[in-house]
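S.K.: For reference, the chains in residue letters:
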Amino acid sequence: MFRPEARMTSAIAESSKPLRSNIGRILFSAFAWTCPMCAAWGGVQIYDAASLADLSLEQLSNLEITSVSRRPESLSGATASVFVITNDDIRRSGANTLPEALRLAPNLQVARLGSASYAISSRGFNNALGNKLLVLIDGRTVYTPLNSGVFWDQQEVMLEDVERIEVISGAGGTTWGTNAVNGVINVITRSASKTQGALLAAGAGDPEIANAFRYGGKLGTDGSYRVYAKQYSHNDDSEIKAQGYDWQRGQGGFRFDWDGDANDFTLQGDYYEGKSEEREQPIAPGFSLFGDTRVSGMNMLGRWDRRFDNGQNLRVQAYYDRAEREDELAFQDVMEVFDIELQHGVPFGRHSLLWGAGYRQAEDDTEPGLLVSFVPEERKLHWLNAFVQGKFNLAENVELTAGTRFERNDYTGWEILPSVRVGWKPSPSQLLWGAVSRAVRAPSRIDREFFFGFPGVTIIAGGPDFRSEIAIVSEIGYRAQPTENFSFSVTAFHHDYEYLRSGADPDVVGVPVFVQNNIQGSVRGLEAWATWQVARSWRLSVGLNLLSEDLEQDPFPPDPDGLRNLGNNPPQQYLLRSSWDISSAWEFDAMLRRVGELPDPAIEAYTAVDVRLAWKPRRDLELSLAAQNLFDPGHIEYVDTGLFAVPTEIERRVFLKLLWRM
Amino acid sequence: MTRGGNARTHERLPVAGAAILALCLSVFSCSAWAQADGQPEEHRLKAAFVYKFAGFVDWQSNLSELPTLNIGVLGAPEILNELAQIVPGRTVGDRAITARGVDPADLRDLHILFIGKSEAARLPQLAAALQERGILVVTEWDGALMQGGTINFVIADRRVKFEISLPAAEKSRLKLSSRLLAVAHRVVGAP
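Line by line, the protein sequences are chains U and E.
Last residue of the first sequence? That's 661 in numbering that gives the first Met the number 0, and every number before it is there in order.
Last residue of the second sequence? That's 190 in numbering that gives the first Met the number 0, and every number before it is there in order.
Hints in this document: simulated from the structure, not taken from any laboratory.
We put the beta carbon where it would ideally sit given N, CA and C, even for glycine.
Among the hints, erroneous ones may be present.
What the hints assert, rightly or not - Listed below are the simulated DSS-like cross-link pairs for lysine-lysine, each with C-alpha atoms no more than 25 Å apart in a straight line:
(1) U:Lys217 / U:Lys193
(2) E:Lys160 / U:Lys217
(3) E:Lys170 / E:Lys160
(4) E:Lys174 / E:Lys160
(5) U:Lys193 / U:Lys615
(6) U:Lys193 / E:Lys160
Claimed, not checked - Over 10 Å on every C-beta distance to chain U, these chain E residues come out as not near it, computed from the model:
(7) Trp58
(8) Gly100
(9) Pro103
(10) Asp105
(11) Ser117
(12) Ala120
(13) Ala127
(14) Arg132
(15) Asp141
(16) Arg185
(17) Val186
Claimed, not checked - Chain E regions said to be covered by chain U (calculated; three or more residues, Cβ under 8 Å):
(18) 40-51
(19) 158-164
(20) 178-184
Same shape as in the complex, but just chain U:
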């Protein structure tokens, strides 16, 4: 699960919305009134050219700059569709949770199902299962071997300490392994050496309360550490919501980094607990029949990076991850994952080679819920992998990356995940790239060992012959920065799928219905984003996502729900974002998201407008007021196709936050 070197920082695009509406006008007039008075105030310390020239080289290189927006590094050689969410983007979005921050990526579909559950995907197949997207937090793969999906209510980070989130749409299997079929989300937190001192983020609003605290210090000359704790609760008075909607969560953790000359070492860990409200049932309101949903977990990761004088580098990483889930209605599970990986980079001349190997083990213990069970209840799974990838400079401005990965799982044996990528830079500010990859979604327990039904009757059973889902992914992209102030990225893709997961009609085949692989077809689409630095203090970004699915169920056995169970995706999605530094102390951000109608089951298109106003009276202090969904009292983003699915209306959110760096 390591990423080969070529770290990507792509042409960034977010979205914007210029001021409009009454609020905009009121703000504007208030600002216009107070501004002239300010001129009377003196003493503002501004770094002008002459005073900077008097600083030393060392001092100069330690100064933080204001405008990260003018990213000279924005155009890189990454031959993939990569969108990078920066720390600053997250802060300015007003997001309190990781999934909300992911809404910034135009190449993702993010739909909220409840207070903490999300359907997040890239290039289609979006549902609560989300089994074609790989998510990593600091190198730790967080999908559950239970269903190849991510339980978003169990994944959180201290957002203030995130360095960046790389969202890569398209196949990443050669580098990251099975599951990286349609995309990879790579959450990267800052090294402890860059999170020194204390930080307090405290906020409250309707319906959220979120508080976080971090402290970072030094250990010796090369070592540094941080510890953090965060708390989050969500209490909604919405009338249209699923049972067990309200949610609270606590998390704490640490990170230790030792940065030497030739060796870097990282040790980090987290612990969390979360709990939903009690679920009532319709017959006797006030009486909880199904109880609550509880989650908890901990993880610990160690990583060692060694750089050699001859340019070679070596990385060894190991982690342990334990995740518990208690849900009497569905099921209970304790999952323990152990993973160790090694990666070695070898430069030769203008080319380079990266190879690696890894072993992963998952041991889980399930207890049947009222409706769902896994047989066997306890299971130990093993994965082995090895990969090799070469990067060849064919000409001055042409680079070829070719590689393959071999990965073995207990269900289907060895899988092969090759890919070829070519990048051509006709000028330093343009990149044309293309890629073809084979991606595999290997079976998980839910495909093979899952049973759904009522006591005595099994309705759905895991398929003993369920095989891997296969995708051939073709992509072509163009990124350019024609002027200093404008950059864009366009990617067109075509994915061909075989052996997609399906079921059958119980009226035709009788019960139980076995999970099988009877859907195939293709998905095509376009992802584009652009950033325009209109003025030094004002940036506009747009994002666009078009998707067209052409999937087909085998005629026999018929499965009326087969296609809709694979996901429900908007055919188009737009994002518009404006980041305006009104002055050195004031920021105003606005984001407009337009998500097209979901076809089946039909869910209305919606437009959400989020705004945020921040005031920084001092360099270490920030007070912000954010409103999400400003002009819309509520909308439904997604409805699960499950038997007991209840649509939840996502309401307007208002949040006041204090950020204090001590």
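Following the hints, put chain E in place on chain U, whose structure we already have.
M.R.: Just chain E, lined up with the frame of chain U:
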């Protein structure tokens, strides 16, 4: 999708929200302006760096005989503007510093040439001539060192950093101080 009771609450919210926002602004914005301690802007920092570099480089070509130290800027008016404010009255050793905008046909007597990203495409053709003349070439885009640049600005961790190509420095007969190398984010071609 909203039922009656809820809808009323929703209608009130934006109005209240606007009032609060407006209030915040009118009360606080003055003090905010007064207390702000500004962070430097990227182009200002780069200009300061370019000026600073002059003090950490020895020109071993015949450029060392010129009476003034001359900085040229190609395609980055903002940086030229900042340099114009920095250089008056400043010296490197006992030499006064000049800064001027240049075009590729006029590279005469330059010690340092800063090439802005908008002119990035020119470097590959110019590189050989610049090295021949012994000019320290400072750039600001990915991959510039591969194209013959000597020092290249990069942004890392919200800071302006620079990387150095030793082979390019050698070709231009430049001797870089060890302090410059120590501060560099990355040194390419180090033995």
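S.K.: Hint compliance check: list the failing hint numbers for this structure, sorted ascending.
M.R.: Hints 11, 12, 15 are the ones this structure does not satisfy, whereas the remaining hints hold.
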